[in-house]
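Novice: So you can see what is in the structure, the chains are spelled out below.
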Amino acid sequence: MKNLTHIIKNEWRTLLRGKWVAGYALIFLVLTDSLLRFGGGGAETLLSLSNVMLLFVPLVSMIYGILYIYQSREFVELLLIQPVNRSVLYWGLFLGISTPLMAAFMLGAALPLGWHGILMLDGASSFLVLALGGVLTLIFASLGFVLGLMFYEDRIKGFGFTIVIWLFLAILYDGLVLMLVFAFGQYPLERFVIAVSMLNPIDLARILVMLEFDISALMGYTGAVFSRFFGSATGSLTAAGMLGIWLAVPMWWGLRVFKRKDF
Amino acid sequence: MKQTACIFFTVLIFMTAVSSIEAQITVSQDGEHSSIAEAVSMAMPGDTITVTEGIYREHDIRIKKPLTLVGEGRPVIDGGDNGYIILITADSVTVSGFEIINTGRSYIRDYAAIMIEKASDFVIEDNRLDNVFFGIYLAETNRGVVRNNHVESYDRREASSGNGIHLWNVKNPVIENNRVTGMRDGIYLEFAENARIMGNISNDNNRYGLHYMFSNGGVYYENTFRRNGAGVAVMYSENVDMKNNRFENNWGATSYGLLLKDIRNSTIEGNRFYRNTTAIYSESSSNILIRRNDVELNGWAVNIKSSSARNRFEENNFIENSFDVRTDSPRNNNHFEGNYWSAYEGYDLDRDGIGDVPYRPVSLFSIIIDRQPESLILMRSMFIRLLDTAERIAPVLTPKTLFDEKPKMTRIQ
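Protein chains in written order, with my numbering: chain D, 1484 to 1746; chain A, 8 to 420.
Read the hints as simulated data drawn from the structure, not as lab findings. All C-beta atoms in this analysis are idealised placements derived from N, C-alpha and C, irrespective of residue type, glycine included. Worth double-checking, as some hints may not be accurate.
Claimed, not checked - What the simulated footprint calls covered on chain A by chain D, stretch by stretch (three residues with Cβ under 8 Å from a Cβ of chain D suffice, anywhere in the stretch; the number is not a length):
#, stretch
1, 251-265
2, 281-289
3, 304-316
4, 376-390
Between the sequences and the hints, there should be enough to build the whole structure, so can you do that?
Specialist: Put into structure tokens, the structure is as follows:
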């Protein structure tokens, strides 16, 4: 435990010295503030913010995760020589870099929301968007870690995979779903479409945003499965649960690779 | 001559004496008169009957002459689930300050707490109606005011519940500041001429908050309609003025903030539509001016059928609706101009507050949804956004002539 906190603290100190994270927070601060100033405020701003969040948080987090593994190779290898448990070292490194990133997004977006009074006005919606950004940061930072450890020697390949995975999950995946929906339009597709969307963490976050802001449109759909899924707490709970699984799996996978790796 | 004068004066004195004795009747549970019906039958036209606090188990109280019934300390008239409670068939009757509960229920007769038939100039004011089949029922009346009443019932089935305030074949009614909850239709109008419906709150009714049919020349201002089973329907009428109302949280596949069917030459102005599945639905309606409304966070802001023509949407705020406009035709017979659309992505180089490129409010995704409803789950995804943007730049599937040429850059205050 002492080792863990020590590693985390050390990571934090290095990150703050690098100012990179502060810049990231500043971007969200300026973005949210200008959205609030020039947009309409309230739901309008939160939706724009969630669009940006769904697109960029995964990309930045994943690149940041993989970049860290590549950059601090000597430092990690130095630590590995010390009598420190590997899983403690893994958690220390991972939490040490992902939590500041998460905090940067959440603070950067929350401060303008606070001083424009949206946090008070639309508390639940604001909290949802901020929390989803936080969870996506953790998921994609750990995916970056996994990729970094898997392509430890071949950096180009590692970065390439990062970009391709992001492009696939953020954009192409939904195109494929739409294609499937049109290809098999004759069949009852509701269950299938819900299941498929559950496999993509960005879609999960998007569905949670949609349940918050578009529920009135969703209630216009007459299909029984959708109505039951969207109309009760089932939808939010299932999506949140799946997001939890998405949070656990890459972290655990990263740990497994880290433990077995011959550095 | 002297004799005539003498008789005249005697008669006059007698009359004043009679009216001063009879003008005021008090009904109380332990007093001389303990039944309202009895007091009503012995009263002379123009009398005032004051009913004091207590529970009166009576129904079918028939008022056939001009009277004023006043409740003091809100006396309760309990109909005991039998028939009508108060039936008014005379002009100039006032009923105020009562709590009227438990009417009969029937599939054949419209039992109401207060029924006014073939009468004029009545005032129904400040009553509380609870667990009633129909609340206040106006049939073939003229003028008359229904004000500050509270109607509530608990039957959640559409077929076996009645309307809160029901108007049939009436002229010049004023319906003001009433609250109606849990009825079939909150306020129902059929063949009502020049109705004034103002400041009412009609929430959580099984079917429509306001059901408005065959009623020309009506106005309704500053009413609130929330969470009604099917929202508000205005049908088969002309010259209807709808201003500053609130239509909120009407959810469901067949629920509309405001449903317009066969409406002509009317105005919809300054209303707020918030979180309805469809804010404004229009079928076979024409020459309606829809102006300066706030349409926010609805599923579909406007669903306009091709049978609607020459309607004008001007200076409305369309804010974060899941879909702005839905239509079933590639042609467009209506006019959109100078609205604010939060989804607008254009620019304003000459800085006059008006976007330089037109806004196309029918998105490709809304057409995709119509064809393949399951794709609803892709709402707000990046891929859909890219498709929509591409379609807006070069419309292929969306109506080419449906656009707002002068979209505002900022929200209209």
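Novice: Take the hints in turn and mark each one as holding or not.
Specialist: Cross-check of the supplied hints:
1. Counting residues of the stretch 251-265 of chain A whose CB lies closer than 8 Å to any CB of chain D gives 5, which reaches the minimum of 3, so the coverage claim holds.
2. As drawn, the stretch 281-289 of chain A meets chain D at 4 residues by the rule of a beta-carbon pair under 8 Å; at three or more, the given contact holds.
3. Taking a C-beta to C-beta cut-off of 8 Å, the stretch 304-316 of chain A contributes 4 residues in contact with chain D, enough for the three needed, and the coverage statement holds.
4. Coverage of the stretch 376-390 of chain A by chain D holds in this model, with 13 residues showing a Cβ closer than 8 Å to a Cβ of that chain against a need of three.
Taken one by one, the earlier hints all hold for this structure without exception.
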